[in-house]
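Build out the structure end to end from the sequences listed, making use of the hints.
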Amino acid sequence: MITLNHYLILSGCLFAIGMYGIITRRNALLILLSVELLFNAANLSFVAYARYLGDLTGQVFVFFTMVVAACEVAIGLAVAILLFRTRETLNTDEINTLKW
Amino acid sequence: MNEAFFFYLFSGLTLLAALYVVFTKNPTYAVLSLVAAMFSLAILFVLLHAYFIAVVHVLVYAGAILVLFLFVVMLLGVGREEPASKSQRLYRIFGGFVVVGFLLEIGLIIKAVSSSAQESPTILAGTIEAVGKLLFTEYFLPFEITSVLLLVGIVGAVVLSRREQMPAEGQYLPGKAAEGGRSKQV
Amino acid sequence: MIALLVLIPLASALAVLLMPQERQEEIRKITFFSCLATFFISVFVFLSYSAASGGVQFEISRPWVESLGIRYHAGVDGISAVMILLHGLVSFSGAMVSRSIKERVKEYSIFFLILVASIFGVFTSLDMFFLYFFYEMAVIPMYPLIGVWGSKNKEYATMKLTLFITGGAVLSLVGILTLYQAAGLQSFDLIALQEHFAASPLPAATQQWLAALLIFGFGVIASLWPTHSWSPIGYAAAPSAVSMLHAGVLKKLGPYLMIRLALTLVPEGTKFWMPIVAGLSVVNILYAGYCAMVQKDLKFIIGFSSVSHMGYVLLGLACLNQTGVSGAVLLMFSHGVMAASAFALIGFIYDQTHTRMVDELGGGLGNRIPFVAVCFVMTAMASSGLPGFSNFIAEIMIFFGAWQKYPWPTLAAVFGILVTAVYLLRLVKNVFYGKEKVSWPALKDAQGLAQKTPFVLLLAALLVFGFFPNLLVRNIDAGVKHLIAKNPSIFEVTP
Amino acid sequence: MLALGWLILFLPLMACLVIAGTTLKHEKISAWIACGALSLSFIFSIILFAVLAAQGFPTLQSTVTILPLEHLRLEFGVLIDRLSLIMLLVVTGIGSGIFFYSMGYMKEDKGYSRYFASLSLFAFSMLGIVVSTNFFQTFIFWELVGVSSYLLIGHWYQKDEAADAGKKAFITTRVGDVGFLIGILFLSSLSATLGKQTLDFQALSELLGHPAGHEFILTAICLLVFCGVLGKSAQFPLHVWLPDAMEGPTPVSALIHAATMVAAGVYLLARVYFLFILSPTALSVIAGIGAFTALIAATMALVQPDIKKILAYSTLSQLGYMVMAAGLGSSSAAMYHLVTHAFFKALLFLGAGSVIHALHTQNILEMGGLFRKMPVTAWTFLIGFLALAGVYPLSGFWSKDEILTLAFTVNRPLFWIGAGTAFLTAFYMGRLFFTVFLSEPKWKKEPHESPRVMTTPLLLLAFFAATGGFFGLGTFLHSHYDQAIAWNFSVVAGSLTLSLVAILLSYLIYALDIPLLKPFEKPFSPVAGLLIKKYYMDDLYDVLVKYVQQNFAGLCDLFERVVVVKGMVNGTAQLTGWAGDRLRCLQTGKVQFYAFAFSAGVTLITLFWIVLR
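Protein chains in written order, with this note's numbering: chain U, 1492 to 1591; chain Y, 18 to 203; chain D, 7 to 501; chain H, 49 to 661.
Since the hints were made in silico from the structure, they are not lab data.
Computed from a predicted model, the values in this text were never measured in an experiment.
You may find that some hints are simply not true.
Negatives, chain H to chain U, calculated, CB over 12 Å [to be verified]: (1) Trp54; (2) Ile77; (3) Glu156; (4) Val351; (5) Phe471; (6) Leu565; (7) Asp587; (8) Leu592; (9) Gly637; (10) Lys638; (11) Phe641; (12) Ala643; (13) Phe644.
Each computed BS3-like pair below joins lysine-lysine, with the alpha-carbon atoms no more than 25 Å apart [to be verified]: (14) Lys158/H with Lys302/D; (15) Lys443/D with Lys357/H; (16) Lys411/D with Lys435/D; (17) Lys302/D with Lys155/H; (18) Lys450/D with Lys108/D; (19) Lys357/H with Lys435/D; (20) Lys103/Y with Lys638/H; (21) Lys244/H with Lys487/D; (22) Lys302/D with Lys594/H; (23) Lys435/D with Lys450/D; (24) Lys411/D with Lys277/D; (25) Lys73/H with Lys155/H; (26) Lys441/D with Lys207/H; (27) Lys73/H with Lys450/D; (28) Lys614/H with Lys160/D; (29) Lys493/H with Lys155/H; (30) Lys443/D with Lys302/D; (31) Lys614/H with Lys490/H; (32) Lys492/H with Lys443/D; (33) Lys614/H with Lys441/D; (34) Lys458/D with Lys158/H; (35) Lys158/D with Lys614/H; (36) Lys435/D with Lys207/H; (37) Lys73/H with Lys441/D; (38) Lys244/H with Lys458/D; (39) Lys594/H with Lys435/D; (40) Lys108/D with Lys458/D.
Where a beta carbon is used, it is the ideal one built from N, C-alpha and C, also for glycine.
Pasting the structure below:
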């Protein structure tokens, strides 16, 4: 019998993996990829709740999440391209202009 | 029995793919393995009776987003990452601690709240009709707003990635010049 | 009616915003006529306020954010009627004096009009939220007005002024929000709150720290010692119309809000702090007076003098009796007009000589600009509390009020009028009398209606209310009596 | 009848306002408006006097409330009784004489209209004190007198000395006013404890009719009110402004010294004598100060070379007499001397003005031999001189001897001071008169007599200065608070002899140039130096102002700059900046670090939350 908890734990694991990716990777593109993992972890728990609570709202929200994710990727990749153009690198260690 | 089998199979697959995304040194491989993760997630969605979401998920993520990633990776020709520095190793160790701690916490929380989570007696199928109805009635306004958001995203992406077009010398752009003149004054 | 006081300047600001910046003349006209209109309305409100019936008149109440209980609730009582008249007068003269601004007239006018509107907003609001909202809104235009159009050390001055006043405002905001929570009425309405707290007062300890927040928070803008140091330098750096409005009106928001919020909502707490305020106010009077004595910059002298005079206002307020509080309000009016006149005159001289240092001006200007000199002498006389000007009546009322309660501080305050006379007469002597040591070929006297009107208007107001103080005091007393009736316990109602 | 009183009071103010408002450019009209208004006041005063004389001088009062305070009404009114009637006549009468005289004296002055406006304001302020019904009103006009004297003394404001003198007069008298105001505050609370808070003279005199206790507070009030008198009537130690006030135009000096300003103090003493009579301590202090002022002023007058300054010190000295008389228990004697002094001192000043007008110098050593050149001035000046010296039967004789007799019966030491002062007075006035009119001529340009408009007031004043003693003023002004003064022949004869001896001596020395003083010059030169330096009083005040006050102000300023601005304000700013600088190290600018910190933060917060549950 697969319960809600199974899905939630799976979602948690996915989230943790994504988080680890964000912390350890230095390539901006890979950080963005890890962010996608986080999104999907959230999506999974949305859908799981929708199933187990009998409410389709969860699925609707997954839809919205995807839209946001799409936008995020579009902008994120554009920034990545811009960064690469000006800095010739995507290594976050070398990009530290946030500090002023 | 069937459900459990498929669940364990595809959740295992998802986790493996996700781990590969995080640990591989080659960005191309990372993107491709994320595609795999998306597919297995979509199957999990199907298991949860979210048919429409599953399809959209494959179309949007695997079909659009990750292809975009792939394009960019190819375009920029990002190679392998350099070997880890000392601080990088520190990040890995402490990041590991944090992540494990986080997982444990999630487990604790799930355990704490699990008693209240009862399985719904009726199974609502996430068909196009059902989701669409909800989307276009109760969540109509947010839906419209997401479309605006998308538009903004597109415009933003275009503006950001556009190459700065320098006007050639002697070429006069009335609007821009006035703008520039004023801002200089201020 | 009174909503127009806020709406007209705001609408004009919007109109100016939409105009092209090259059309300076039209922009100036819009500013002028908008201030003229509000001036007329303020005079009308003042005249038609009936002191006999007292209480709040011209009331308007419109819901705004119902869920938080915020309403646009405006009205005029005896005290605010007088303050509205003051602001109408000073802002109109300020608008006339602003003609000397030549750079970026459009932006200047927008900020100026917003400033005018928000001060009117404070004086008319009967809702704590709007009171605070307009108060902050008045502080914000100050920053660019001084920072852009100011002179000499303006960046430092505007930074200091804005930070100080905002700091004080934050203190009082904590007090206001706590009051809102403590009442539990889900309403910011002052009158409702006042009735609630009168029926079920807060415990004494709570009242005390709330009153401390409100009094010392608003004390900053009233330049209560030692949080006064923004004031002289701020005025010195500001363009003259802004100094006029700031020293004349904005500074009076401090005591005004103390009366409106501290005195009405946490009366017992206010009573607890008032002796300390009285002590500090004496420090204000004498300390600032002596500081003024050694200043070399005209605007610094008048700036310190205004700090010194705010000491009298606070002393009157601290008396918590009818004579003292009425005297304080009357002095708020009188000093407002007088300070406006002084800054306008100094601005007039500065615009032509580009110096405000006493020794650089060299003296003997009375010969060259007799009209301005006469106005300045009259202003100085008003400031030093000469009979015939309403400042005198106000100071006398404060002395009589304070004498019953704080004899020793009153003695020091009476001595203060001597100090005031010393530095003002010295200033008059060094600038306008004596031989002309430096020649200013370009210096011209005020000519024509446009240049003379502001000075004449302000001085005439001082003289009229000096000879017939009851015109003002009638209204003020109505307001103060209302206060006393609401909180008889904290007021001295003994002979 | 009281309407007339209001009219008398407000005519000069209207003149002032009309001149300031409309006729500044038309000098002739301005002058006529001012003179007309004050003469009209004078005429009305005479009418008022005549009408009230028929009714036996009742006390009339009418007031309007300017401002009702909580327990106190600030009132404004007109009080007509014997005292104020006499004073009205003096102020308007002598005032109009001086106004007309000014028309000639100030001719060709640039600020002609301004001068007359200020002059009218001055007259108005003085009349306000005269008819005042209460302390509040008196204080108002007290201050107005201060400011109008400021305007008039500083009339020639382009001259640094004049501007300084005006400032000095205003501030010095304001020192007294501060005390006066505090006295009024005390009085208001005292009257409140006695039953009714009031500042009205009549109400107060009734309230204080049966004072039980309150001696200390009454003494304090009397001395504080007397502070105001010290300032305006230029008594020691606030006398320093009066000699400097000579920087103003001469008619202004005449007005200040005769009819207004300095008279105000003595008049106030008489007006509120019901108050002073309650405190013997205060009265003896007052008498002492008066006598002291009389003596030191007379000695300072001995060595002055400036004609106006000699007269100024003489005024100081005579005011000392009046204050002493009031202190000794007779306000009527003080007022009597005030009135006669007003006549002859106005006369002397106008005469001096006439001389100055002719010679354009104020130094008596540059004059001489004017008796033939300016006969009217000389003869009238002689009358003034003899009246001041107290020679029978001129007006000064009667009033001065009344004071001396009073002193003789009440306080013997003060009598000797008074007598000594009388001797000195006659001597320095003799020095002045003989040097200016009878000694060898030392001028270069031929002087000539002044125009009619200036000599007519001289003649009129001379008439009154001569006959002022025969109107029975002393008895007319006598009030039931005053000591009765018995005629004492030996005192009168003695003082008359003293004066005559002094005049003779000065005639020998200054008119005939007999070097009687030669042997005394050497040993007394330090004394003369002290006198020339005015007992170093001015220097003392200069030191006080320059070092004590300025240094205190400098200290405040330093405190402001260093502690408040640099320490508290900029210190806070620097602390904030420093804290920001430290905290900035946390901002590495590296995304990875932020991500790590963020995750760790979330984990920790969640942990915290779990533990808490």
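Results of checking the hints against the structure:
| no. | hint | verdict |
| --- | --- | --- |
| 1 | Trp54 | holds, 77 Å |
| 2 | Ile77 | holds, 75 Å |
| 3 | Glu156 | holds, 74 Å |
| 4 | Val351 | holds, 79 Å |
| 5 | Phe471 | holds, 91 Å |
| 6 | Leu565 | holds, 90 Å |
| 7 | Asp587 | holds, 64 Å |
| 8 | Leu592 | holds, 58 Å |
| 9 | Gly637 | violated, 3 Å |
| 10 | Lys638 | violated, 5 Å |
| 11 | Phe641 | violated, 9 Å |
| 12 | Ala643 | violated, 5 Å |
| 13 | Phe644 | violated, 5 Å |
| 14 | Lys158/H with Lys302/D | violated, 31 Å |
| 15 | Lys443/D with Lys357/H | violated, 29 Å |
| 16 | Lys411/D with Lys435/D | violated, 37 Å |
| 17 | Lys302/D with Lys155/H | violated, 38 Å |
| 18 | Lys450/D with Lys108/D | holds, 18 Å |
| 19 | Lys357/H with Lys435/D | holds, 23 Å |
| 20 | Lys103/Y with Lys638/H | holds, 15 Å |
| 21 | Lys244/H with Lys487/D | holds, 22 Å |
| 22 | Lys302/D with Lys594/H | holds, 16 Å |
| 23 | Lys435/D with Lys450/D | holds, 20 Å |
| 24 | Lys411/D with Lys277/D | holds, 12 Å |
| 25 | Lys73/H with Lys155/H | holds, 14 Å |
| 26 | Lys441/D with Lys207/H | holds, 6 Å |
| 27 | Lys73/H with Lys450/D | holds, 19 Å |
| 28 | Lys614/H with Lys160/D | holds, 17 Å |
| 29 | Lys493/H with Lys155/H | holds, 20 Å |
| 30 | Lys443/D with Lys302/D | holds, 17 Å |
| 31 | Lys614/H with Lys490/H | violated, 65 Å |
| 32 | Lys492/H with Lys443/D | violated, 33 Å |
| 33 | Lys614/H with Lys441/D | violated, 38 Å |
| 34 | Lys458/D with Lys158/H | holds, 23 Å |
| 35 | Lys158/D with Lys614/H | holds, 18 Å |
| 36 | Lys435/D with Lys207/H | holds, 11 Å |
| 37 | Lys73/H with Lys441/D | holds, 23 Å |
| 38 | Lys244/H with Lys458/D | violated, 47 Å |
| 39 | Lys594/H with Lys435/D | holds, 17 Å |
| 40 | Lys108/D with Lys458/D | holds, 19 Å |
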